[in-house]
Amino acid sequence: MPMFRRILIANRGEIALRVIRTAQEMGIETVAVYSDADRAALHVRRATHAVHLGGSKPSESYLDIGKIVAAAKRTGCDALHPGYGFLSENEDLAQACKDAGIEFLGPPPHAITVMGDKVEARKAAAKAGVPLVPGLQEDVDAARLVAAAKQVGYPVMLKAAAGGGGKGIRIVREEKQLVEAFELARAEARSSFGDERIYLEKFVTRPRHVEIQVMADKHGNVVHYGERECSVQRRHQKLVEESPCVALTPELRAQMGKAACDLARSVGYVGAGTVEFLWSEGRFYFMEMNTRLQVEHPVTEMRYGVDLVREQIRVGAGEKLSPVPEPRGHAIEVRVNAEDPDKFFPSLGTLTRINLPGGPGVRLDSAMYRGMEVTPYYDSMLAKLVVHGADRDQAIARCARALRELRIVGVVTSLPVALATLRAPAFAAGDYDTSILESIDRKPTAQHEELAMLAAAAARFLGAERAGAAVESAGAARASAPRWAMVGRADRLRRTGP
Amino acid sequence: MKYTTKLGGVEREFVIERHGDALQARCGDKTFALDLRLVGDGSAFSLLVDGRSYDVVADIGREEVALQMLGQRFVVHVEDERERAAHAVAGNKVGGKQELRAAMPGIVIDVKVAVGDAVEEGKTLVVLEAMKMQNPLAAEAPGKVTRILCKKGEAVAAGALLLEME
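Sequence lines, in order, name chains A and B. Position one of the first sequence corresponds to residue 1 (the working numbering), numbered consecutively onward. Position one of the second sequence corresponds to residue 499 (the working numbering), numbered consecutively onward.
Be a bit skeptical, because a hint or two may be false.
What the hints assert, rightly or not - FRET-style restraints, in silico, Cβ to Cβ: (1) A:Q177 to B:D553: 53 to 61 angstroms; (2) A:R235 to B:E618: 18 to 26 angstroms; (3) B:D519 to A:R235: 47 to 55 angstroms.
Unchecked claim - With the C-beta cut set under 7 angstroms, the calculated list includes, among others, these residues of chain A facing chain B: (4) P346; (5) V409; (6) P416; (7) A458; (8) R460; (9) G463.
Please keep in mind that the hints were generated in silico from the structure rather than gathered at the bench. Think of the CB as a built atom: it goes at the ideal place given N, C-alpha and C, for glycine as much as any other residue.
Excised from the complex, chain B in its bound form (with noise of 0.2 angstroms):
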């Protein structure tokens, strides 16, 4: 199976194959002898690669794979070659709606934006209070706004749609 890989706006092409209990990975010209093992229930694996010995711990999503190893936290965005090809044929969208959602239970303590702003990227929509900590949630790009769905002192919800953009 062939799967790209993208970290960091690194991207990387691995294609795995297994061979009786061991795994073959290719990248370009580089081969790797990989030993992956499944330790306990869930998310810990033994990682071996060439003999090297890796301890990992994975949340495996449909599109991206979340890592600790080697002290440190890699989120990598993982496609396989049925993917890649369903998302070639779809293409890119430019532009779009643009949502704006908790990423956690909390409570809106403010709102800095209005229906009608045009705002750039990296601007602050909203203020989430959680934990103690108050958040401020930004525009990942620049747009308008077209709704807004929450309120200052309203408490939400995880994944609560909080504001829409355009």
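With the rest of the complex left out, here is chain A (with noise of 0.2 angstroms):
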């Protein structure tokens, strides 16, 4: 099968830049789509070919199957790459570029289907015999329940089957509050979600979020690269992750890998897909399958030395996979999110400013450019800045000084959390669940507070002494003067005024 001529890139921001640089190097066009809000950005920019889709709200764009397979058509693509969020776990849109005869850069439908189903996704797991948290699903009642938690051992949650995002869960610790408990979880599930139905799982205690990446191409073979642990986690999104994960040894590893090749085989998947995994007390559990590239495959990039977008291209042209190179040193991914740091609020605004950072061992990836307005239509994340280094301690120390060399001016962003983070004792010793942005301690030495107290003064300072040399010119370029020196200005018009 020959390599594609032309790609159409449904998506915007990192992800989609991403994809335009390997289909670069691959010779193949691209053809970038774009909302009102998007017309000037990177992905635009970048791509050979571009499609105004309409409105800035992603269901007037980025969402819109029938105007993005439309796009493809008239622009001749024989290949569409879905990215990650939007529509690439979609089914309908992988349903339609079949229909089209463009090849969707992801699996076949029905294996977005099922993995997109919670308790599809749960059969398709037990049948190819990926490890389950273990607990009662189906038929769920009082005598059941009493025997089930004795079998999986306190404590056990009790989870409505309606609920999500941390809502309708109860944790039980003892056998006597039980049946108590689940009279209750069920009124409340009937009352907040209109479902009664509960089901029971094991409590997962002191979980590590464990995902093994894998790759299918379209004659059976399906591979793994190894784990990312992303159990650095706010509100389920994803902060830090790192590759390897220090608490698997290298049979658990193994086991792990196994398990997602197998599941993958099992729906018939194809390209790049993720299954995710708790870890607990060295045993892991399945948690769900994403069907897509994740936002954090550079993790693996970096230290497996392989170019998964280009996989991706290959695998769906049909060709076989590319051995596994072996993994070496240890790779970190910092996400930067234009959000305050301490309220985890978003912060729009221009960007004014950017440094990036550089060296070895540094990668950036961002579809950002000075003079980007940060909107409110769209994912809040800037950049994702990834290590490499020889082990964990060079990559924590590289991460962090490329960290400091980072600057963005315009917007409030994420990056002292996750400097914090990389500096905090239980994430240096790797001894840490998906709790542990709760426990850091991001308060500053009181050094630290005193240096900022002084630059702040030393800054208005020379703010108001600018001012005055401009208010003795005259008011030369009055409006142009960047805001602190208005401010300065002010002062002293006021001292000199009347």
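Two independent chains are provided; combine them into the complex using the hints.
Shown next as structure tokens:
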């Protein structure tokens, strides 16, 4: 099968740029799609072609399957890359591409459907012999519940089938509380979700989020590229990812890799996918499979020296998987989001200044540019900083060093949280779980606070001084003066005024 | 010029004077030799304190200076001596009106209180959605809700007044 001539990227931001870069290296043309807000976005400027989709709301552009497939047809694309987010795990887009004779660079629609449904995915995992969190899912009543809880061991969790995002979950520590808790949970579920189905799961203590990167071709070959640990998260949003995971033994890694490959094979998987597991006390349990390229895929790329997008494109074109290289060293990724580091509140604005990190072992995946406006329409992620080091200590030190080099002015970023994580003793020791962000002490030292106060006073002094000079030169270029000078000038005017 | 700075409950007074190219800062009985240079066109500075180098990004507002330095973000309250004198005359207002404004453009997902409700500090008043995230906006001090100026489903601009309390 010949290689593709032109690929449409049904996405925006850094992932669209990521795909464009590899396509360019492979000599494949790219078609960017964009919304009103993204006319001047980097993915539009870097692609060979660009098609306007519509309004800035995702539903009017990046989520409109009809417009996207029409754009692909009109521009003569023979493949489509969905990126992550938006329509990347939408079986209708995969099917629409198939119907239009365009290669969807992801799994077949059936695999997306199965893995997109919690219950079906669990069944598929059980059938493929992948360990699940023990519990009782079906025909739950008080008597069966007591027996099941005894079997899996306390503490246990009662979860509302219709719940999600942490809602409708109850932890039960002793048998004598179980039946009462069940009745309460059921009543709660009925009133909150209109669905009283409750299921029981073993309470997994100190869980770590460990996922396996898999890749499959159309010839029945499935390989994995080891794991990524993504336990540093806030409200299920990952912030720092690393590979390898310090908690895994070679045996466990092999078992998890095999389980992930078996699951992919069982659903006829093609392309890149990630099987997410919970790790606890030396055991692992299936969580879900993401049927797309993940945000954090560069962690794997750095450690294995592989280009996963290239592999996606190659297997999409019908080629066989390349051999998996030997992994080496340690890789860490940090996501930099436009959000308040204390309240995790999104921060909007125009990026007035950007200093990018450099030096050995540093990679920055980002579509930001000076003058870019951060709008409320899309995800708040500005950049992914990825580093590679000979070992974990070097990678942590390198990541902290590069983070200190990265400066973004115009919006507030989550960068200080990432830096505090890298400095935290629990992270350095590798002894952490998904609750690590709650326990990190981010209070600056008294010495740092004093320096900040000194710097603030000095900056105000310099601002007032320069504004004074500006007043003396009779208001030249008044309109273009930066904001700090305006503040200083007001000081000065008041002082010299009547 | 004398500056009073506040950060995290700590207050420090700095006296800054220029001596040719160099600045000198005094704080209590400590003296620092400063060299502060603007880099480029706006908010980036190179700061030398007794020869130690700090790369600083500062957004300088009238009362607050937001800094990125030492891998952290600091928002320092700064007053020069004249501002301090003016504030001392005005005195501190106790109680009074509280306003809840939208810090960013977004969509009002929920209004959790009604006019007349007595609320405690930290109570969620309005939930605002922006950038796919739901953000609870909480009361900064206890009080009574006197006016509600937004409704569920409404799109609001940055700075829009959402609610008033007393």
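Does R460 (chain A) meet its interface restraint, that is, does its C-beta lie within less than 7 angstroms of any C-beta in chain B? Holds: closest Cβ of chain B sits about 5 angstroms from R460 (chain A), inside 7 angstroms.
Taking 47 to 55 angstroms as the hint, is the beta-carbon distance of D519 (chain B) and R235 (chain A) inside that range? Since the Cβ atoms of D519 (chain B) and R235 (chain A) sit about 49 angstroms apart, the hinted range of 47 to 55 angstroms holds.
Cut-off 7 angstroms, beta-carbon criterion: hint that P416 (chain A) touches chain B: It holds, given that the least Cβ distance between P416 (chain A) and chain B is near 5 angstroms, below 7 angstroms.
Given G463 (chain A) as an interface hint, is its Cβ closer than 7 angstroms to any Cβ of chain B? This hint holds: G463 (chain A) lies near chain B, its Cβ roughly 5 angstroms from the closest one there, short of 7 angstroms.
Would you check whether V409 (chain A) satisfies its interface hint, that is, whether its CB is within less than 7 angstroms of any CB in chain B? Holds - the Cβ of V409 (chain A) comes within 7 angstroms of chain B, reaching about 5 angstroms at its closest.
Taking the least C-beta to C-beta distance, is A458 (chain A) closer than 7 angstroms to chain B? 5 angstroms, holds
With chain B as the partner, please determine if P346 (chain A) meets the hint condition of a C-beta pair closer than 7 angstroms. 4 angstroms, holds
Look at the Cβ atoms of R235 (chain A) and E618 (chain B) and judge whether their distance stays inside 18 to 26 angstroms. 24 angstroms, holds
Look at the Cβ atoms of Q177 (chain A) and D553 (chain B) and judge whether their distance stays inside 53 to 61 angstroms. 56 angstroms, holds
The structure meets every hint from the earlier list without exception.
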